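From first to last, the protein sequence lines stand for chains Y and U. Numbers in our numbering are just positions in the first sequence, counted from 1, shifted up by 139. Numbers in our numbering are just positions in the second sequence, counted from 1, shifted up by 160.
No lab work stands behind these hints: they were computed from the structure. Keep in mind it's a predicted model, so treat the numbers as computed, not measured. Treat each hint with caution, since some may be false.
[To be verified] Below, computed lysine-lysine pairings styled on DSS-like, alpha-carbon distance capped at 25 Å:
| no. | chain 1 | residue 1 | chain 2 | residue 2 |
| --- | --- | --- | --- | --- |
| 1 | U | Lys202 | Y | Lys207 |
| 2 | Y | Lys166 | U | Lys202 |
| 3 | Y | Lys166 | Y | Lys201 |
| 4 | Y | Lys179 | U | Lys266 |
| 5 | Y | Lys183 | Y | Lys159 |
| 6 | U | Lys273 | Y | Lys159 |
| 7 | U | Lys202 | Y | Lys183 |
| 8 | Y | Lys179 | U | Lys202 |
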Amino acid sequence: GEEVAQTPKHLVRGEGQKAKLYCAPIKGHSYVFWYQQVLKNEFKFLISFQNENVFDETGMPKERFSAKCLPNSPCSLEIQATKLEDSAVYFCASSQSHNQPQHFGDGTRLSIL
Amino acid sequence: GESVGLHLPTLSVQEGDNSIINCAYSNSASDYFIWYKQESGKGPQFIIDIRSNMDKRQGQRVTVLLNKTVKHLSLQIAATQPGDSAVYFCAERGYGGSQGNLIFGKGTKLSVKP
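In isolation and in its complexed conformation, chain U is listed as follows:
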């Protein structure tokens, strides 16, 4: 079946360091991936997305890497700040009979130490 999961449930980094959050997916037919940041009491906030015809996409301080060979997705945050502390979810767009809806991974909690 389809599933998206994360390698590390928690990640603690020092302010100013770079953070890398990883995600594995199982459906090789998936064509769209997205990263969300969720702060306590809030809804998921869109960070960055990537389609399967790309292997890298950059935003402001964030980079998403997609390795289709091993079905792996990562989010890199440069110069991590205290405001980056949150739970990060990767999500995969449902494919086949359920196109459109997102299939979320379990989430990684990022804690930034000042």
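Here chain Y stands alone, though its shape is the one from the complex:
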């Protein structure tokens, strides 16, 4: 598609449950980025992919967070054993190359109760 599509728009989970977020990048874009935005403030980079390969995972809390971008499927970000502090809006962005503008989806609001 011509827009980054993120689903679901809002996800509510009890503390300790698993959460899985999805992202369909813009068609033709090779790079996918995940960011976390807390309290409508700063964005924290989590992980990026070049096609199905991890490009940079320096921002990823590896203990509970994982992500994949498989061929012919939406990319996914999964959080195991969620904590209250995981409550945030998670944005996905895609770009044609790593030094081209990143285009963002409208995010998934994750609420941990």
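With the hints as your guide, set chain U onto chain Y.
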């Protein structure tokens, strides 16, 4: 470490006036900068970008200025309209071991009074 920040957290302007939003960055090796507009409940929307080999770039009603000497970036919006009301973020492309990802500043909320 790398950081990007904004001088003013809020900016209120009259419709029709020009707006200037400022941003400071700390990594002199950064080579790419970008401005985003974020409306409530939406993702960041690309406005304009600039590479470090330029000091000015113009778009439709927007101009980005880059001063590498003092590591300063600004976004100028001409004839500000109510639809420009949003939070504006500057971002810097991560350099070195984290190329590609964006490092965002704190955001400036722009309010346009009719």
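Verification of the supplied hints:
1. U/Lys202 / Y/Lys207: 24 Å, holds
2. Y/Lys166 / U/Lys202: 20 Å, holds
3. Y/Lys166 / Y/Lys201: At roughly 28 Å apart (the allowed maximum being 25 Å), lysine 201 of chain Y and lysine 166 of chain Y break the hint.
4. Y/Lys179 / U/Lys266: 9 Å, holds
5. Y/Lys183 / Y/Lys159: 18 Å, holds
6. U/Lys273 / Y/Lys159: 41 Å, violated
7. U/Lys202 / Y/Lys183: 17 Å, holds
8. Y/Lys179 / U/Lys202: Holds: lysine 179 of chain Y and lysine 202 of chain U sit about 10 Å apart, inside 25 Å.
Comparing the model with each numbered hint stated earlier shows that hints 3, 6 do not hold.
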